[in-house]
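As given, the protein sequences belong to chains A and B, one line each in that order. Going by our numbering, the first residue of the first sequence is number 1253, and it counts up by one from there. Going by our numbering, the first residue of the second sequence is number 140, and it counts up by one from there.
For the record, the hints were derived by calculation from the structure and aren't laboratory data. Since this is a predicted model, take the numbers as computed values, not measurements. Hints are not guaranteed to be accurate.
Here are some of the chain B residues that sit facing chain A, going by a computed Cβ distance under 8 angstroms [to be verified]: (1) Ala206; (2) Ala210; (3) Ala214; (4) Arg219; (5) Phe228; (6) Lys230; (7) Leu231; (8) Glu235; (9) Ala243; (10) Cys350; (11) Tyr353.
Cβ atoms here follow ideal geometry from the backbone N, Cα and C, with glycine treated the same way.
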Amino acid sequence: MISVVAYGLTVGAILYIISIGLSLTFGTMRIVNFAHALIYTMGAYVLFTMLRVTGGNFVLAAIVGVAAAVPLAWAIERFVIRRLYGQSIDYAIIGTYAVLLIGVDATKWIWGATPLPLSDPIGKYVNVLGVDLPVYRLVVIALAVLIFAGLELFFRRTVVGKIVVAGLEDKDAVRSLGIRVDSYFSLVFILGSCLAALGGILYAPITTIHPYMGTHVLLLSFAVVLVGGLGSMRGTLVASFALGMVMAVTGRVWGPAAEAMVFAVMAVVLVLKPIEV
Amino acid sequence: MLLMVNDVDVAYGRAQVLHQISIAVDEGERVFMVGRNGAGKTTLLKTIAGFLAPSHGSIVFAGRPIAGLPAEEVARGGIRYVFQDKRVFTKLTVRENIEIAAHAAKIRLAEAIERVVEIYPKMTRFLDSPAGGLSGGQRQLLLLGRALLGQPRLLLIDEPTEGLSAGAIDEVFDVLEKSKGTVAMVIVEQNLSVVRQLADRVYAVKEGRVCSEYRDMAAIADPSVLEGVL
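Using the sequences and the hints given, assemble the complete structure.
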């Protein structure tokens, strides 16, 4: 039971780190960003490369992996997404999905299609109620909680965060005060992309790195965002951990149904509480 | 003239809403736009504020053409737009609403709060309350206070007294009255009593066109004059 809970919390933590960026991007820009999955994948691949360059220094490689997301996110926002503001949501889906497909092929071209394994960077276990749990997974859970706290502080305590919150509610009212709200939204997009890269980096040692890892996790992230509420930071946290637990518990009972159950929960939530786009 | 709107056409897609509309506003002048719902008054304000681009005509503010500029640039140039529907940031507190406006106006928060409280002293009681919990009148006063923080030369106000109680209308009226001469205003208003007491100039708008302009306020003292437009 302890191991199921720990697994559910780990998956929930990873889902939160990835989904919060997706949720914020939708909330601020009304863009369904499939390219988020590419940045997640890139984070993991840059980590893999940098681990070789730095001789296995995971923290340094992770920092470079997150930093690498900044120019990539900037380019996607500047040259693709910015051209889609105010357009039909369909264009955004097509545009960002095209970026994802190009990125996946580029990944295969650079790193190959063969899955790349990574070992647990900490490699230590802690005994919790008689069950040995990897310390790394506990670190991932703690990081997700820290990120949530950091984002809460950012959006509640800083004027930049408050402008974003105000812009989420009424973009035109913020603009009428003379504030270039799109610049703040771009900042949020880059922040969300960095978190996607971090999600890929943190999940890489738990799974394997492959060109399609992002597309796989993206669908789960969409489920989280829809269940948690588009643009809702607290809702995303709750939904991430709840769906992580759903996956872990279902996986324990019947492995093949673990992910299907996430989408079943999403469907029920959508039936009970339809979204307005 | 501070603002010159000349022969402006505006359309939503194929539906043309404004037809060769022209208005002028002098420094410190209070100009009211009256007319039926759908006459194009709000569209005109949104066009001046930069939320809509005219398909024809020019808008010149303080000697600078502003037609088609983005709303944030228009605001930075000295025009503030107070939307209809009392649109405060409901998820933030009153203090945070003021903080955002203070940030935009590049003034300290303490000074900004002081200025808003000067306009509406009772606001001190609500500073840490969610702005979403304010009454319609309090919201309108917060919006006016927020807009005035930027020390604009022109304030565009859309239906400031709409849906307010008599007491709240009086409070909004006082703020507009006190601001006389310090800032020019273009106000869309249906309450003719307010128009008659505050206006320096009135434009009657009908079907996207200015049908009458009144500079002599004695001319609108007769109730039948403006009521015929509404």
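Closest C-beta approach of Tyr353(B) to chain A relative to 8 angstroms, hint status:
violated, 28 angstroms
The hint names Glu235(B) as touching chain A; please verify it with the least Cβ-Cβ distance against 8 angstroms.
holds, 5 angstroms
Close enough to count: is the Cβ of Phe228(B) nearer than 8 angstroms to one in chain A?
Phe228(B) check passes; min Cβ-Cβ to chain A is 4 angstroms, inside 8 angstroms.
How about Lys230(B): closest beta carbon in chain A under 8 angstroms, or not?
Constraint on Lys230(B) satisfied, holds at 6 angstroms.
The hint names Arg219(B) as touching chain A; please verify it with the least Cβ-Cβ distance against 8 angstroms.
holds, 7 angstroms
With 8 angstroms as the cut and Cβ atoms as the points, is Ala206(B) at the interface with chain A?
violated, 17 angstroms
Is the interface hint for Ala210(B) satisfied, with its Cβ closer than 8 angstroms to some Cβ of chain A?
Nearest chain A Cβ about 4 angstroms off; hint holds.
Verify the interface restraint on Ala214(B): the C-beta must sit less than 8 angstroms from at least one C-beta of chain A.
holds, 4 angstroms
So, as I understand it, the hint says Leu231(B) touches chain A; can you test that by seeing if any CB pair is closer than 8 angstroms?
Holds - the Cβ of Leu231(B) comes within 8 angstroms of chain A, reaching about 6 angstroms at its closest.
Is the hint on Cys350(B) kept, meaning its closest Cβ partner in chain A is under 8 angstroms away?
Not OK, violated: Cys350(B) not within 8 angstroms of chain A, min 28 angstroms.
Would the hint on Ala243(B) be counted as holding, given a Cβ-Cβ threshold of 8 angstroms to chain A?
holds, 4 angstroms
Figure legend: structure checked against the earlier numbered hints; hints not met, in rising order: 1, 10, 11.
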